[in-house]
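Engineer: Each chain, written out:
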Amino acid sequence: MDINEIIKPENLVYTKPRLMNDNPMHYCPGCSHGVVHKLIAEVIDEMGIEEETIGVAPVGCAVFAYNYIDVDWIEAAHGRAPAIATAVKRLNPKKMVFTYQGDGDLAAIGTAETIHACNRGENIAIIFINNGIYGMTGGQMAPTTLEGMKTSTCPYGRNVALNGYPLRIAELVERVDGTCYVTRQSVHTPAAIRKAKKAIRLAFENSMAGKGTSMVEIVSTCNSGWKMSPVKSNQWMEEHMFAKYPLGDLKNV
Amino acid sequence: MAKIKGAVVVNKERCKGCELCVVACPSQVLALQPTEVNDRGYHYAFMQNPDACIGCASCGLVCPDGCITVYKVKL
Ligand SMILES: Cc1ncc(C[n+]2csc(CCOP(=O)(O)OP(=O)(O)O)c2C)c(N)n1
Ligand code: SF4
Ligand code: SF4
Ligand code: SF4
Ligand SMILES: [Mg+2]
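These protein sequences, in sequence, are chains A and B.
Numbering-wise, the first sequence is residues 602 to 854 according to my numbering.
Numbering-wise, the second sequence is residues 134 to 208 according to my numbering.
Chain A on its own, in the form it takes in the complex (with noise of 0.2 angstroms):
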């Protein structure tokens, strides 16, 4: 059969999400923070609520997600997304508010803000790139970061005497009485990309039902900061990174 009687818009099963525009997206190739984003725009497409969504962001690589989904955004200084998502949810109480935010941000200048919204329990949904590495500025240790690995400013590996242990977030949000979901997913192959998927979605759902606070962390890849290939990042987070951060549902009520 001849490839342009396949290639047909009936024939069509996948293509970019709607909401994902056609600038060049900044990320190294082969970034998660890509695959995140498209999940976040088919779950607003496919929800309707392009125009009831307001997203938070704060530094980190993902500073600039305003520039690839088409729906209203709010920057917000290093960490106080949280924070700044509490008042537009509660300004806004019919809106779906959602924060998009990496390790770094959450787990180290922002955890306050986070255990505090979580525990007021805000009507919001946290999206948590956990990549165990502050990719914006180069690669530097993170609080996630774990136990042996090496980073700029921990050459020879995490040292736990000096260091501390890597922060589990999730297990601690799980734990504050305002959070309604929490849960831990990947984006690494199909099977995972279509279950954080879903995760996202209750995760909106969640926020518009007004149920409290839902947590999505996204065990993640930053192949950059990790000095390995894409496809060898994957790999090192399987064999690794799940062992201290593993996958599935802590929290849904």
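The set of hints was computed from the structure by calculation and includes no laboratory data.
Be careful, since some hints might not be right.
[Stated by the list, open to error] Non-contacting residues of chain B with respect to chain A, defined by C-beta distances greater than 12 angstroms in every case (computed):
# : residue
1 : N144
2 : P167
3 : T168
4 : E169
[Unchecked claim] Chain B regions said to be covered by chain A (calculated; three or more residues, Cβ under 8 angstroms):
# : stretch
5 : 174-188
6 : 194-207
[Said to hold, decoys possible] Okay, derived cross-link-like pairs now, DSS-like style, lysine-lysine, Cα gap no bigger than 27 angstroms in a straight line:
#  : chain 1 : residue 1 : chain 2 : residue 2
7  : A       : K609      : A       : K696
8  : A       : K852      : A       : K812
9  : B       : K136      : A       : K617
10 : A       : K609      : B       : K138
11 : B       : K138      : A       : K828
12 : A       : K617      : B       : K145
13 : A       : K617      : B       : K205
Just so it is clear, CB atoms sit at the ideal spot from N, CA and C, and this is done for glycine as well.
Since the structure of chain A is provided, determine the placement of chain B with the ligands on it from the hints.
Structural biologist: Coordinates of chain B with the ligands only, in the frame set by chain A:
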């Protein structure tokens, strides 16, 4: 059983040559251009073995940059 035939179109200028689609394809359809590069210097993905495509969309799902459009027909 109905036979299924797929085809993909790669947005070659958007592609960053990350190879994630190549390893995600269950039918070894895709490869990176060995010598050709796009305007930004990336060895972009292409259908090296188009006859094997089953239109499963695995490549499209894993592509971080949304470069891949997938089509499928039942024969
Ligand atoms: C108040 C403040 N402190 C520090 C910085 C520097 N800074 C920029 S991004 C970043 C960490 C980003 O890491 P993460 O949130 O994990 O995002 P990633 O790039 O890994 O996705 C830091 C420390 C800043 N911009 N503002
Ligand atoms: S530095 Fe890391 S997190 Fe940032 S775009 Fe590159 S791979 Fe992605
Ligand atoms: S649609 Fe499936 S079979 Fe076809 S190239 Fe993509 S991954 Fe391979
Ligand atoms: S996954 Fe996308 S960006 Fe990466 S090589 Fe394939 S088409 Fe190009
Ligand atoms: Mg990070």
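Engineer: Does each hint hold? Answer for all of them.
Structural biologist: Going down the list of hints, with the structure as the test:
1. N144: Since the minimum Cβ distance to chain A is about 8 angstroms, N144/B lies within 12 angstroms and the statement is violated.
2. P167: holds, 16 angstroms
3. T168: holds, 18 angstroms
4. E169: holds, 16 angstroms
5. 174-188: holds (count 3)
6. 194-207: holds (count 13)
7. K609/A x K696/A: violated, 37 angstroms
8. K852/A x K812/A: Answer holds: K852/A to K812/A is near 13 angstroms, not above 27 angstroms.
9. K136/B x K617/A: Distance ~26 angstroms between K136/B and K617/A Cα, so the pair holds.
10. K609/A x K138/B: Holds, at about 13 angstroms.
11. K138/B x K828/A: Measuring from Cα to Cα gives roughly 38 angstroms; hence the hint is violated.
12. K617/A x K145/B: Holds: K617/A and K145/B sit about 14 angstroms apart, inside 27 angstroms.
13. K617/A x K205/B: holds, 16 angstroms
Checked against the numbered hints listed earlier, the structure breaks hints 1, 7, 11; every other hint is satisfied.
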